[in-house]
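Number of protein chains: 2
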Amino acid sequence: MNDADRHVAAMKKLQNEHRERRSKARDPGRGLVLVHTGDGKGKSSSAFGVIVRALGWGQRVAVVQFIKGKWQTGERQFFAKLEGAVDWHTMGDGFTWDTQDKAGDTEAARRAFERARGMLECGDYDLVVLDEINIALRYDYLTATEVKAGLDARHERTSVILTGRDAPEELCAYADLVSEMREIKHPYKAGIRAQRGIDF
Amino acid sequence: MNDADRHVAAMKKLQNEHRERRSKARDPGRGLVLVHTGDGKGKSSSAFGVIVRALGWGQRVAVVQFIKGKWQTGERQFFAKLEGAVDWHTMGDGFTWDTQDKAGDTEAARRAFERARGMLECGDYDLVVLDEINIALRYDYLTATEVKAGLDARHERTSVILTGRDAPEELCAYADLVSEMREIKHPYKAGIRAQRGIDF
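Protein chains in written order, with the working numbering: chain V, 1 to 200; chain F, 1 to 200.
Incorrect hints may have been included.
[Said to hold, decoys possible] In silico BS3-like pairs for lysine-lysine, Cα to Cα no more than 27 Å straight-line:
no., chain 1, residue 1, chain 2, residue 2
1, F, K102, V, K185
2, F, K13, V, K24
3, V, K189, F, K81
4, F, K24, F, K12
5, F, K24, F, K13
Everything labelled a hint here was simulated from the structure, so no lab data went into it.
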């Protein structure tokens with residue numbers, strides 16, 4: 001076989017694998033639960049990318065940000081300009097290392113999750129993003145048990161993305177998809193400042 | 001120490017680490033090169049999320065898609081509706097396993113990369129996304145050497161994101177940031193069909 005023939009043979013094999021998987025695949029009949037975790041870049045940004053996909057298909061989207069507080073970000077400015085395309089709620093008072101107030105942070109996280117529960121149950125949304133909720137779980141502001149109960153109670157139309165490092169095992173076991181973003185190399189480590197439009 | 005005090009102590013330590021890192025951090029004085037690779041979900045979608053951040057800050061963005069061809073996606077429909085916010089070019093004829101034509105795919109990838117080089121050099125863009133270019137490298141449609149030369153020749157204002165599984169070692173060594181999206185669990189494996197608004 002020459003190179004072109006080998007390529008055709010390899011691609012036919014791949015194509016068959018894809019076709020077979022596709023022919024067996026079924027619709028879940030309900031929204032999915034996706035977890036983005038790990039120490040690398042891309043957990044929140046890929047949730048924002050999925051929002052873009054959903055909006056492109058005319059779907060309805062809500063976001064609850066659990067941690068980032070009042071910090072000005074590109075994503076918030078962008079979706080604010082789209083006027084009502086995304087229901088965006090930032091409930092946190094900022095990074096936990098800046099507030100240094102466990103009781104206050106817990107209270108803020110619980111209010112945020114109450115809001116999120118309403119969004120999950122109401123049936124208005126195709127996609128709800130719970131941004132950095134894994135950090136709220138990491139610091140015991142919320143329990144995995146109550147978050148799973150909230151996910152169980154979601155409307156069948158609604159998919160959910162939960163982001164943040166250190167997602168608890170119990171949540172990963174519950175989810176349909178878990179992606180771990182691993183830091184292989186990061187410019188912070190080389191002493192480079194967080195960049196507008198890239199990191200926030 | 002009680003629980004609240006322990007929390008304050010731990011958070012102060014974290015805050016100091018963040019402050020110290022931030023005080024030492026410098027601006028790179030040029031755009032960064034980011035690689036999103038791995039077998040998990042989130043490589044392209046996090047690039048689209050970074051586009052949202054960049055647009056939120058009023059930056060200019062271009063995308064060249066190397067592989068996905070004429071397949072209708074949420075992201076393309078979304079950015080098309082924004083009228084000129086993103087210069088979007090889909091140069092591939094589709095998945096390599098559907099075309100099964102190495103010479104044709106190579107030619108398409110080379111044309112796409114010529115287009116990308118122009119975008120990298122012209123200085124019009126803060127961010128250029130080379131979506132699925134790692135697949136073009138994986139199948140030897142392009143070489144890592146020529147891609148690095150294109151990145152070297154970019155305007156100092158321009159950051160670049162290169163996505164796709166199997167990013168070559170040479171490209172990862174060159175990049176400022178490498179994030180590996182690892183598949184921990186994926187609904188395809190459970191026989192669930194790719195979902196509109198989530199997967200495309």
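Quiz prompt | Indices of hints not satisfied (ascending) | solution = As far as the earlier hints go, 1, 2, 3 are violated by this structure, in ascending order.
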